[in-house]
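*Asks:* One letter stands for each residue in the lines below.
There are 2 protein chains.
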Amino acid sequence: MHATPEPTAVRRVACIGAGVIGGGWVAHFLARGYQVTAWDPAPDFEPKLRRLVDAAWPALVELGLADGADRANLTIAATLPEAVADAEFVQESAPEDLGLKQDLLARLDAATPPGVVISSSTSGYGMTEMQSGCTRPERLVVGHPFNPPYLIPLVEVVGGERTERWAVDWASAFFEVAGKSVITMDREVPGFIANRLQEAIWREALHMVANGEATVEQIDSSITEGPGLRWPLFGPCLTFHLAGGEGGMAHMLDHFGPSLKSPWTRLEAPELTDELRDRMVEGCETASDGRDIAELVADRDRAVIAVLRAVEAVRGAR
Amino acid sequence: MHATPEPTAVRRVACIGAGVIGGGWVAHFLARGYQVTAWDPAPDFEPKLRRLVDAAWPALVELGLADGADRANLTIAATLPEAVADAEFVQESAPEDLGLKQDLLARLDAATPPGVVISSSTSGYGMTEMQSGCTRPERLVVGHPFNPPYLIPLVEVVGGERTERWAVDWASAFFEVAGKSVITMDREVPGFIANRLQEAIWREALHMVANGEATVEQIDSSITEGPGLRWPLFGPCLTFHLAGGEGGMAHMLDHFGPSLKSPWTRLEAPELTDELRDRMVEGCETASDGRDIAELVADRDRAVIAVLRAVEAVRGAR
Numbered sequence: 001m002h003a004t005p006e007p008t009a010v011r012r013v014a015c016i017g018a019g020v021i022g023g024g025w026v027a028h029f030l031a032r033g034y035q036v037t038a039w040d041p042a043p044d045f046e047p048k049l050r051r052l053v054d055a056a057w058p059a060l061v062e063l064g065l066a067d068g069a070d071r072a073n074l075t076i077a078a079t080l081p082e083a084v085a086d087a088e089f090v091q092e093s094a095p096e097d098l099g100l101k102q103d104l105l106a107r108l109d110a111a112t113p114p115g116v117v118i119s120s121s122t123s124g125y126g127m128t129e130m131q132s133g134c135t136r137p138e139r140l141v142v143g144h145p146f147n148p149p150y151l152i153p154l155v156e157v158v159g160g161e162r163t164e165r166w167a168v169d170w171a172s173a174f175f176e177v178a179g180k181s182v183i184t185m186d187r188e189v190p191g192f193i194a195n196r197l198q199e200a201i202w203r204e205a206l207h208m209v210a211n212g213e214a215t216v217e218q219i220d221s222s223i224t225e226g227p228g229l230r231w232p233l234f235g236p237c238l239t240f241h242l243a244g245g246e247g248g249m250a251h252m253l254d255h256f257g258p259s260l261k262s263p264w265t266r267l268e269a270p271e272l273t274d275e276l277r278d279r280m281v282e283g284c285e286t287a288s289d290g291r292d293i294a295e296l297v298a299d300r301d302r303a304v305i306a307v308l309r310a311v312e313a314v315r316g317a318r
Numbered sequence: 319m320h321a322t323p324e325p326t327a328v329r330r331v332a333c334i335g336a337g338v339i340g341g342g343w344v345a346h347f348l349a350r351g352y353q354v355t356a357w358d359p360a361p362d363f364e365p366k367l368r369r370l371v372d373a374a375w376p377a378l379v380e381l382g383l384a385d386g387a388d389r390a391n392l393t394i395a396a397t398l399p400e401a402v403a404d405a406e407f408v409q410e411s412a413p414e415d416l417g418l419k420q421d422l423l424a425r426l427d428a429a430t431p432p433g434v435v436i437s438s439s440t441s442g443y444g445m446t447e448m449q450s451g452c453t454r455p456e457r458l459v460v461g462h463p464f465n466p467p468y469l470i471p472l473v474e475v476v477g478g479e480r481t482e483r484w485a486v487d488w489a490s491a492f493f494e495v496a497g498k499s500v501i502t503m504d505r506e507v508p509g510f511i512a513n514r515l516q517e518a519i520w521r522e523a524l525h526m527v528a529n530g531e532a533t534v535e536q537i538d539s540s541i542t543e544g545p546g547l548r549w550p551l552f553g554p555c556l557t558f559h560l561a562g563g564e565g566g567m568a569h570m571l572d573h574f575g576p577s578l579k580s581p582w583t584r585l586e587a588p589e590l591t592d593e594l595r596d597r598m599v600e601g602c603e604t605a606s607d608g609r610d611i612a613e614l615v616a617d618r619d620r621a622v623i624a625v626l627r628a629v630e631a632v633r634g635a636r
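Residue numbers (my numbering), protein chains in the order written: chain A, 1 to 318; chain B, 319 to 636.
No wet-lab data here; the hints were simulated from the structure. Treat the hints with caution; some may be incorrect.
[Unchecked claim] When the alpha-carbon atoms are kept at most 16 Å apart in a straight line, the in silico EDC-like pairs for lysine to aspartate or glutamate are as follows:
no., chain 1, residue 1, chain 2, residue 2
1, A, Lys261, A, Glu271
2, B, Lys579, B, Glu589
3, A, Lys48, B, Glu589
4, B, Lys366, A, Glu246
5, B, Lys579, A, Glu96
6, A, Lys261, B, Asp415
7, B, Lys579, A, Asp97
8, A, Lys261, B, Glu414
Chain A with its partners taken away, still in its complex shape (with noise of 0.2 Å):
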C-alpha cells in the first residue's frame, strides 16, 4: 500500500540537514515552486539557512523561478518527525558520517508516511550500508547532488541492495520534474561515478601539493586556464575524441595510449585490451550523435569562446 504520488504532483518536499548542500537543495526546491520544510538539530540554523536562501535567490531569480517560486513557502520544523510527517519527497543532507546517516536514515524511515521516498545527498557511501536500520529500506535511494544544488543540474540516483526498482525510477522522474539532470546508476559505486573523478583530480592536487610540485594557485590556474573551459560542453571522452584530430578516440587511443605507461600521475592506469579501447571509440560515436569530427570540433570552439566570455564578464565585473 504506497501513497507514493505521481512525481509531477508532488508539492510538499522535506529538507534535513540545513548546511551548504541542504540549504543549497532548500533554495533549488523553492526555486522550483515547492512547498519547503526544512530541518536541522542546530538550535540556530534558521538564520544561517535563510542567509543561504537570500543569498542564492538573485541567481534563482535570474535564471527564472518557477511558478508559485517564494522564500515564504519555506517552513522551518521543530522536530525531524514534525518536518516529514506530511512529505511527499525527502531528501536528506546530513554530515558525511555512516553511523550519523544510518540512525538519521532510520528515524526519517520511522517518520515519513510509507510509500513516499527518501533520498539521501551522501557524496559517496553506498545506500546498502545506510539503510540497515530501516524499517521500509525499499524507499531509499542515493540522490547526490552538485555544490550549489540550486544550480549545477547534475543528481546521481542510485539504490541500495534492500531498495526497490520503482523508488530509483520514481526518484530519477522527480529530479527530472524538479529541474535537474539525472544520472541513473545500476550498480554501487563508492563515490559514484563524478566523485570519483572529481576526487582523482582532488587527490593528485594534494599529492602535488604536499610534495612541492605545484602551488594551490597553479592547481587551479591549470584547470581555469586550460581543460576547464573544455569541460563544461564536452566531457573527458568526447574532449579527448578530438584530441585524436580526425581519427578521433581510435586514433588518440593507438597515439596516447602508450602514454598510460607514463608516470603522469599517481593513478596506475588500467591495461588498455582491445575491449576497452572498442568501447571508448564506440561510446563516442554514441555521444558524438551523428555529428563527425569537424562538426564537434565547431560546437567545441564556439562553446569555449562562449565560455571565455562568460568566465571573463565574471572577472571584470570585480
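Use these hints to put chain B onto chain A, whose structure you have.
*Replies:* Chain B alone, transformed into the frame defined by chain A:
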C-alpha cells in the same frame, strides 16, 4: 652571443609538426598577427593544415584578430632547415615519442639561429631527457599547450637541467605577449600540472568503463552537468574552499578530510598532515584575493549561470 629578440619584437615563428596541436599553434600565431612557417615530414600535410586553419578561423575572427593577422602569412617550408632558418621562435609539436623528439630537437637545435628559443609541445616528457642530443640545450624549453591551442589559453613552461633561466623567462614572456596564459614551473614534474590532474580523471574514467561501472556517456554527463560547470572560474581548490561553507577550506578539510580514506577513486590519497592542511588553507586565502566566502559564492554563481547559458546556446544552435 645571443641573437635573441625582445619577446615583443618577434615577428617570425616556425611551427614544426602540423597535426592537431601543431596546426592549432599555426592558427593561433596567424591570428595573433605573426608570420608563420610550418613544416611537417608528412608529404601531404599542407591541405590538412590549411583545412584545420580554415576551420579555426571563424572562431578566431569572432574572438578578434590582431592587427595584420592574415591566413596568407602562412608559409609552407619544404625542409626542416628552411622552416627555422630565420625564425625568431620555434614551437615543436611532433608525436609523443621520446626518441623521435630527441632526434627532432637535435636537428632543430642545429638548424635554428643561436639564441632563438625552441619550445616543445610535449604532453609530458621532461626537457632534461629531450634535450640530450642538443648542442645548445640552454635555449630549449617545454611550452605545453592545450587543445585547441588557438582557444585554450594555458601554456605550461618549464626548462630541463641544461636549460638556462633566461630561456624559461623569455618563453614565458613571449607566450604572454602572444596571448597565452602562462604557468612557469620551477621544476620538472612528469605530465607538468594540468595533465597530471587531467590524466588522473582520464585513468579513473578508463577504469570505470573497463569494469562496467559507468558508460562513456555517463562519465561525460557527470562532468558536463556537474563539476565541469564550476571549473572554468574556480579550479578544484577554490571550488572545495566553497564546499566548506562559511568555514572555507579549513572546515572542508576538517569535515571531508576523512573521506580521503574512502575508496572513491583508485588513487591513494596523501596523508592529510597539519602542514598540508595549512598549505591548502593559506593557498585558498591567497587565491581568494580579498574576497570573503559570500563574495566568492556570488562570483561562482554568476559564472555558473553564464556558463550554463553559453552551453545551452551552443546546444540550442544544433
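*Asks:* Hints broken by the structure, by number, lowest first?
*Replies:* Per hint list: single violation, 3.
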